[in-house]
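**Q** Respectively, the protein sequence lines represent chains A and B. For what it's worth, the working numbering labels the leading residue of the first sequence as 29, then goes sequentially. For what it's worth, the working numbering labels the leading residue of the second sequence as 19, then goes sequentially.
The set of hints was computed from the structure by calculation and includes no laboratory data. Owing to the predicted nature of the structure, the values given are computational and were not obtained by experimental measurement. Built from N, CA and C at the ideal position, the CB exists for glycine as well. Some clues are possibly wrong.
[What the hints assert, rightly or not] Some but not every residue of chain B turned toward chain A, in silico, with C-beta under 7 angstroms:
| id | residue |
| --- | --- |
| 1 | 19 |
| 2 | 23 |
| 3 | 30 |
| 4 | 34 |
| 5 | 37 |
| 6 | 98 |
| 7 | 99 |
| 8 | 102 |
| 9 | 106 |
| 10 | 107 |
| 11 | 108 |
| 12 | 143 |
| 13 | 176 |
| 14 | 261 |
| 15 | 263 |
[Stated by the list, open to error] Computed far set for chain B versus chain A, every beta-carbon distance over 12 angstroms:
| id | residue |
| --- | --- |
| 16 | 51 |
| 17 | 56 |
| 18 | 135 |
| 19 | 137 |
| 20 | 188 |
| 21 | 201 |
| 22 | 211 |
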Amino acid sequence: MVDYRLMATSPSIVVDGLRVLRGSVIVLDELSLEVASGRVTGLLGPSGSGKTTLMRAIVGVQIVESGAITVLGKSAGTPPLRWKVGYMTQNPAVYGDLTVRENLRYFARILDAAPESVDEVLETVAMTPFAGRVVNRLSGGQLARVSLATALVGNPELLVLDEPTVGLDPVLRRDLWKAFNELAESGKTLLVSSHVMDEADHCHDLLLLREGKLVATGTPASVRQQSGKQDLDEAFLALINEEVA
Amino acid sequence: MSFRATFATAVRVLNQLRRDPRTLALLLFVPVGLVFLLEQLFADRREVFQQIGGPLLGLFPLIAMFLVTSITMLRERVSGTLERLMALPLAKLDILAGYALAFALVAALQAILVSIVAFGFLGLDTQGPSWAVVLLAVSNAILGMSLGLFVSAFARTEFQAIQFMPAFIFPQILLCGLFTPRSQMASWMRGISNVLPFTYAYDALYRATKLGAFDGRFALDLTVTVGVTVLALALGASTLRRRTG
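Next up, chain B with everything else stripped away, as it sits in the complex:
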């Protein structure tokens, strides 16, 4: 692995995003619009907005980066650029770290923008510091990226890659505790949610925004989030093959 090749890849990915202003605008402004919609939706029941608003801020980047990464990586595989890169002095980890660097930057921008709007203009409260939300959002974005990277190996077309979103992400959103506290779930559902990475990403956000509790459980949440990220990256790297048939 080399810093030069990693950095080169990050610059390349950011250049690609820069040349695609529509995607960039969607990435940055759709979450803002959604949070506004949420606030309006619960205008009469502020407590619901306060309950789910904070954690949602940190989950947007996860979902967005999952989609963006699975499609971009699929494109690299299909267009032949990945094979071309594999003939160059570039480690697989350089490619992955380059993507992570570029997308983490975008995720940070996304999280900062939506945090400014939510905390500054929409009256969302947070018990913990707002920068903790931004930091968690970035770590969640990298988790989303690594999951997207991994599943891209199982898609042959962009249609399939997009369908991984409802198949892979939606159940996790439903079961993570955002809509119903996990303590109120049937035990088999809680069992499933115990092994889903979203559960821990959500719980960390909930603790940071609602409870302001940076306790042992919070540390466990973070450990699981980072652990799953590393695992998915390693699995994703193993799907990038130097030699193919």
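Looking at chain A on its own, in the form it has when it is part of the complex:
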């Protein structure tokens, strides 16, 4: 008998002693962490803290110095995972000279996803009215949503989203976080990075990263408790000061 309860609780991502160098600079230093399945985990930290590098390592496009990353029970970057992990890069990686729909259809074809899945994804990111527009003519916010949509195509189990809500208006941000939570409720795992602390309250779990090291982990409530601060911005500062002291 397979214990489904156990499967549901086993983490989607396990990072163990991860070390990444860029040139001679240590970007991630002996980093170990877990990302729980079926939850929205926020990867927070200031710009340059190593969030993007960690995400690149998880999707398997980053050269890693040492350490192990297990994603959905397999070593990060192995071919079967390319079907199961959706990745949204920080800079929109879409073809500017194609329409929104042409871009998504390309991704759908590669992932062998049904053409209708493109429509569903467009709906999720509220881009249906702009489906026929050439990407180069979109606004920054619309562009970010197309990039997000490429990660959602193919119904991946794990979504790795690098700053998906940056530069978006508040209404759209709220809608997207709602969509992320709905995806988690349907059993998906989401790792979402942000450098804006305000967004932390939309997440189930938090990973606070600073200079390639984990400063704190836990639910938003427990991070508040650890630091003794209600405001998460202040909590973050307090936790850093604690480390330094």
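Guided by the hints, dock chain B onto chain A, whose structure is given.
**A** For chain B alone, coordinates are given in the frame of chain A:
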């Protein structure tokens, strides 16, 4: 490698070209204009036009595809779309074969158009069948594509990529035998031309159009052309990295 992903990539590349009608028009009509210019230039010396006209038809696609591929592939590398593709279930060969398929189609159109004008309206003669010129033009286009793909790995900007054209292509045009028979070249120049792929591409065209000789030497020319194409594609594929620093 999968047919689905290769085909998807070819469709995507063709869609990109379709959305860029100016480039498409330049690709298709510039060779026609150049052949017309050549015919006018040697209006009093028809034998010169007859001598170099045929081989030139087959070399246009090589030059055009070299440029188009090196720039498009550079864009994929710089814009982040290549990294995005590397996180998808897509083999490197799918990307390359997809490009080859799309550009071969454009090259065939280009060659057919310029052949119709040259053989039909400008009185260019060919000893061999005119479809042989079109076929050689397509194989040369794929050679140009694979060379462009390979050198794109050594360019960081589009300016550099364009400069590879005079650095990489012009010497080959000068030494391939088009302007001076190779037998009349100084031995060191002939030595260099012996190892340049253009020499064999030109010789095959010369044999097909001027001599109508599909002999052993012609077979050698074709073998070298195809061999260099495969080699450049393999080298080009090795420059597409799944993991980067």
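**Q** Next step is simple, just say for each hint if it's right about the structure.
**A** Cross-check of the supplied hints:
1. 19: violated, 12 angstroms
2. 23: holds, 5 angstroms
3. 30: Holds, because the Cβ-Cβ distance from residue 30(B) to chain A comes to roughly 4 angstroms (cut-off 7 angstroms).
4. 34: Where the cut-off is 7 angstroms and the nearest Cβ of chain A is about 5 angstroms from residue 34(B), the hint holds.
5. 37: With a closest approach of 5 angstroms, the residue 37(B) hint holds.
6. 98: holds, 4 angstroms
7. 99: holds, 5 angstroms
8. 102: Status holds, d = 4 angstroms.
9. 106: It holds, given that the least Cβ distance between residue 106(B) and chain A is near 5 angstroms, below 7 angstroms.
10. 107: With a closest approach of 4 angstroms, the residue 107(B) hint holds.
11. 108: holds, 5 angstroms
12. 143: Hint on residue 143(B): violated, closest Cβ of chain A at ~41 angstroms, above 7 angstroms.
13. 176: violated, 14 angstroms
14. 261: Hint holds; residue 261(B) Cβ to chain A Cβ min 5 angstroms, cut 7 angstroms.
15. 263: Where the cut-off is 7 angstroms and the nearest Cβ of chain A is about 5 angstroms from residue 263(B), the hint holds.
16. 51: Check passes; 25 angstroms lies beyond 12 angstroms.
17. 56: Given a closest Cβ separation of 33 angstroms, the condition holds.
18. 135: The claim stands: residue 135(B) keeps its Cβ more than 12 angstroms from every Cβ of chain A (closest is about 29 angstroms).
19. 137: holds, 34 angstroms
20. 188: holds, 29 angstroms
21. 201: Consistent with the label, residue 201(B) stays out of reach of chain A, its closest Cβ about 47 angstroms off (over 12 angstroms).
22. 211: Residue 211(B) is indeed farther than 12 angstroms from all Cβ atoms of chain A, at 38 angstroms.
The earlier numbered hints that this structure contradicts are 1, 12 and 13.
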